[in-house]
Amino acid sequence: MGPRRQEPHGDTVTSVDFSTTFSNAWFPTPVFTASGCASSGKELAQFFPLKDIGAVVTKSIMNKARLGRATPRMAETPSGMLNSIGLQGPGIDTFIEKDIPWLVEQKARIIVSIAGETIEEYSTLARKLRSVSGISAIEVNISCPNVENRGLVFACDPETSRKVIDGVRRTIGGELPIIAKLSPDVTDIVSIARGVVDAGADGIALINTVLGMVINLSTMRPHLGGKTGGLSGPAIRPIAVRAIYQVHAAIPNIPILGMGGVASGRDAFEMILAGASAVSVGTASFGNPMAIPYIQDELKTLLEEKGFKQMKDAIGYAHRIDEVHE
Amino acid sequence: MSTINKSAAQLRATIVGNKLVGQYHQILISVGDLVDKCKPGNFVAISVGGDSSKMILRRAFAISRVAHSNSFGGTMELIVAPHGQGSKWLCAQPEGAVIDLVAPLGSAFGIPTQPVQVLLVGGGYGSAPLFGLAEVLKDRGCKVDMLLGASTAGKIYAPMEGKRSVNSLRIYTEDGSMGIAGKVTDPIPELISDLDVAVIYSCGPMGMLAAISAITQERDVVHQCAVEEAMACGIGICMTCVLPVRDEDNSISMLRSCIDGPVMDGSNVMWDLVGKNPTVTQ
Chain A
1 MGPRRQEPHG
11 DTVTSVDFST
21 TFSNAWFPTP
31 VFTASGCASS
41 GKELAQFFPL
51 KDIGAVVTKS
61 IMNKARLGRA
71 TPRMAETPSG
81 MLNSIGLQGP
91 GIDTFIEKDI
101 PWLVEQKARI
111 IVSIAGETIE
121 EYSTLARKLR
131 SVSGISAIEV
141 NISCPNVENR
151 GLVFACDPET
161 SRKVIDGVRR
171 TIGGELPIIA
181 KLSPDVTDIV
191 SIARGVVDAG
201 ADGIALINTV
211 LGMVINLSTM
221 RPHLGGKTGG
231 LSGPAIRPIA
241 VRAIYQVHAA
251 IPNIPILGMG
261 GVASGRDAFE
271 MILAGASAVS
281 VGTASFGNPM
291 AIPYIQDELK
301 TLLEEKGFKQ
311 MKDAIGYAHR
321 IDEVHE
Chain B
1 MSTINKSAAQ
11 LRATIVGNKL
21 VGQYHQILIS
31 VGDLVDKCKP
41 GNFVAISVGG
51 DSSKMILRRA
61 FAISRVAHSN
71 SFGGTMELIV
81 APHGQGSKWL
91 CAQPEGAVID
101 LVAPLGSAFG
111 IPTQPVQVLL
121 VGGGYGSAPL
131 FGLAEVLKDR
141 GCKVDMLLGA
151 STAGKIYAPM
161 EGKRSVNSLR
171 IYTEDGSMGI
181 AGKVTDPIPE
191 LISDLDVAVI
201 YSCGPMGMLA
211 AISAITQERD
221 VVHQCAVEEA
231 MACGIGICMT
241 CVLPVRDEDN
251 SISMLRSCID
261 GPVMDGSNVM
271 WDLVGKNPTV
281 TQ
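From first to last, the protein sequence lines stand for chains A and B.
What the first sequence shows, in the working numbering, is residues 1 to 326, in sequence order.
What the second sequence shows, in the working numbering, is residues 1 to 282, in sequence order.
Honestly, the hints are just simulated from the structure, not real lab data.
If you're wondering where the values come from, they're calculated on a predicted model, not measured in any experiment.
Just to be clear, a hint being listed does not mean it is correct.
Claimed, not checked - A short list of chain A residues far from chain B (calculated; beta carbon distances all over 10 Å):
{"#": "1", "residue": "Pro-72"}
{"#": "2", "residue": "Arg-73"}
{"#": "3", "residue": "Ile-119"}
{"#": "4", "residue": "Val-132"}
{"#": "5", "residue": "Gly-200"}
{"#": "6", "residue": "Val-210"}
{"#": "7", "residue": "Arg-242"}
{"#": "8", "residue": "Gln-246"}
{"#": "9", "residue": "Glu-305"}
Stated by the list, open to error - Calculated cross-link-like contacts (lysine-lysine; reagent style DSBU-like; alpha-carbon spacing at most 35 Å):
{"#": "10", "chain 1": "B", "residue 1": "Lys-88", "chain 2": "A", "residue 2": "Lys-227"}
{"#": "11", "chain 1": "A", "residue 1": "Lys-64", "chain 2": "B", "residue 2": "Lys-276"}
{"#": "12", "chain 1": "A", "residue 1": "Lys-98", "chain 2": "B", "residue 2": "Lys-37"}
{"#": "13", "chain 1": "B", "residue 1": "Lys-54", "chain 2": "A", "residue 2": "Lys-306"}
{"#": "14", "chain 1": "B", "residue 1": "Lys-6", "chain 2": "A", "residue 2": "Lys-107"}
{"#": "15", "chain 1": "A", "residue 1": "Lys-98", "chain 2": "A", "residue 2": "Lys-51"}
{"#": "16", "chain 1": "B", "residue 1": "Lys-37", "chain 2": "A", "residue 2": "Lys-107"}
{"#": "17", "chain 1": "A", "residue 1": "Lys-98", "chain 2": "B", "residue 2": "Lys-6"}
{"#": "18", "chain 1": "B", "residue 1": "Lys-276", "chain 2": "A", "residue 2": "Lys-98"}
{"#": "19", "chain 1": "B", "residue 1": "Lys-54", "chain 2": "A", "residue 2": "Lys-227"}
{"#": "20", "chain 1": "A", "residue 1": "Lys-51", "chain 2": "B", "residue 2": "Lys-37"}
{"#": "21", "chain 1": "A", "residue 1": "Lys-64", "chain 2": "B", "residue 2": "Lys-19"}
Said to hold, decoys possible - Label-pair ranges, simulated between beta-carbon atoms:
{"#": "22", "chain 1": "B", "residue 1": "Ala-97", "chain 2": "A", "residue 2": "Arg-170", "range": "56 to 62 Å"}
{"#": "23", "chain 1": "A", "residue 1": "Met-220", "chain 2": "B", "residue 2": "Lys-163", "range": "37 to 43 Å"}
{"#": "24", "chain 1": "B", "residue 1": "Ala-214", "chain 2": "A", "residue 2": "Thr-21", "range": "24 to 30 Å"}
{"#": "25", "chain 1": "A", "residue 1": "Ile-251", "chain 2": "B", "residue 2": "Ser-53", "range": "33 to 39 Å"}
{"#": "26", "chain 1": "A", "residue 1": "Arg-242", "chain 2": "B", "residue 2": "Asn-277", "range": "49 to 55 Å"}
{"#": "27", "chain 1": "B", "residue 1": "Ser-251", "chain 2": "A", "residue 2": "Ser-19", "range": "42 to 48 Å"}
{"#": "28", "chain 1": "B", "residue 1": "Glu-95", "chain 2": "A", "residue 2": "Lys-64", "range": "52 to 58 Å"}
Cβ coordinates follow ideal geometry from the N, Cα and C atoms, glycine included.
Turn these sequences into a full structure, and let the hints guide you.
If you want it as structure tokens, here you go:
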């Protein structure tokens, strides 16, 4: 096992109430994995117990098994990376049969991320998950191409975004919280967020990766097999903080799962101040398998140092400046 | 607990040696008891560029060999070509520098239970892990012959001490600047029948591994190859380093070269599909 950092302030640190909620789902800490950055969970479990973090957000699962895109699938960029995986995965049936029971066994809180190519596929996935026990919430990844509408990404269109969430909400009933994951590649993220909340989303995940490209100077062609890829890592963090701030300002009562380049406790704290109720850590785990427990410890220390008795008091704290100036 | 990378640990380790060997850096790292868990074929993932680095991803290096030394305890040796920004940074680290590493990662070369004839084939600095492997195979009683190849003499990595563990060592360069002029794969068909080779172990460029797989396909020889594909994490979570591999039922899986590899059965890798869009569904 890797070295575990000492609690810097001993008992005083643990006195911060670190818990968070998304609708009726409770989590002991506000630091989660990010979808697509923890595989099945088994890979990270070698480095820390999954029950020690807030939640495991699974890779986005589709109805059928997918092989994904051609390699190369990644390119490192300054303070970031592009990926082009193409949602490789086993399909929902195998996932429910094999991956979920293992995560339940680990006593991890589970948020299942789902992705579809049609509005109907999202509803099908919701139907299959409805009766599965041990799931805390569903993340609906709508940053996928809509095969029924010229491959236009669902999340880039307010109407299709709304329809996907509406379909999932109707299928799943009122029990399981739905978190809609939005793309930053839109003109007005607030209007998309309002749409999915009206359609029944209990929370918003901000942000998915930012579309990018790298040209290979040897081949003088796009480097990635899929040509374009999703940019992640610290390079996109300010975009995420902005999106979280804007959506929280517009819809303050809707919990936000913040993500995009979180690599330290400081980054997690920044997103919470902007309005996130929890943060997901993705690319940072690629560079450091212990990133999530480290970030969690650092965040705890920061909250303590800033005098917050509970994490929830820090959510959206950056917005108080607006009130003063009004 | 997980069964993946169950021996892996993250640690801060000190570089205790860094010397130039031809065009490559031979880097020695003090890693303590971790050496007991490292097997030939395993790799190490190292953070590069320091704490404020814009390089956010670890770099993966094959562990060329491990040893217990009197001065530094357990040591791990890497052979690094200073090609990219990350490897250049590592090669510039002086003795005494502390680096952050995760090891041992990935699959290891399978060692035969019987003392059979084996052939080791290395391309460029891909030969590095083969010398450690040769020692293990020799201890098992195997007869070990080795072929090393590169485009030119400067790219051959063949340390003097490495030659002790092999029965014979032949070097091939494409420009004829060292050893025999030609490709390292040229003599393999003949050697397989002449020596009655049971297992070929290979490490080097993907083209070389594919060529060896094509040769072994028609013959009764096992081919264990250490593959190389760009990876972001090295621990199985990023899904970028995948290769198309044929399953038992003849369907295709995209397997991660970091945890299902780097050592794979060359006869199962679908070399023609590497870098192509795998349209067949599972």
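Taking each numbered hint in turn, which are not upheld by the structure, reported in ascending numerical order? 1, 2, 21, 24, 26
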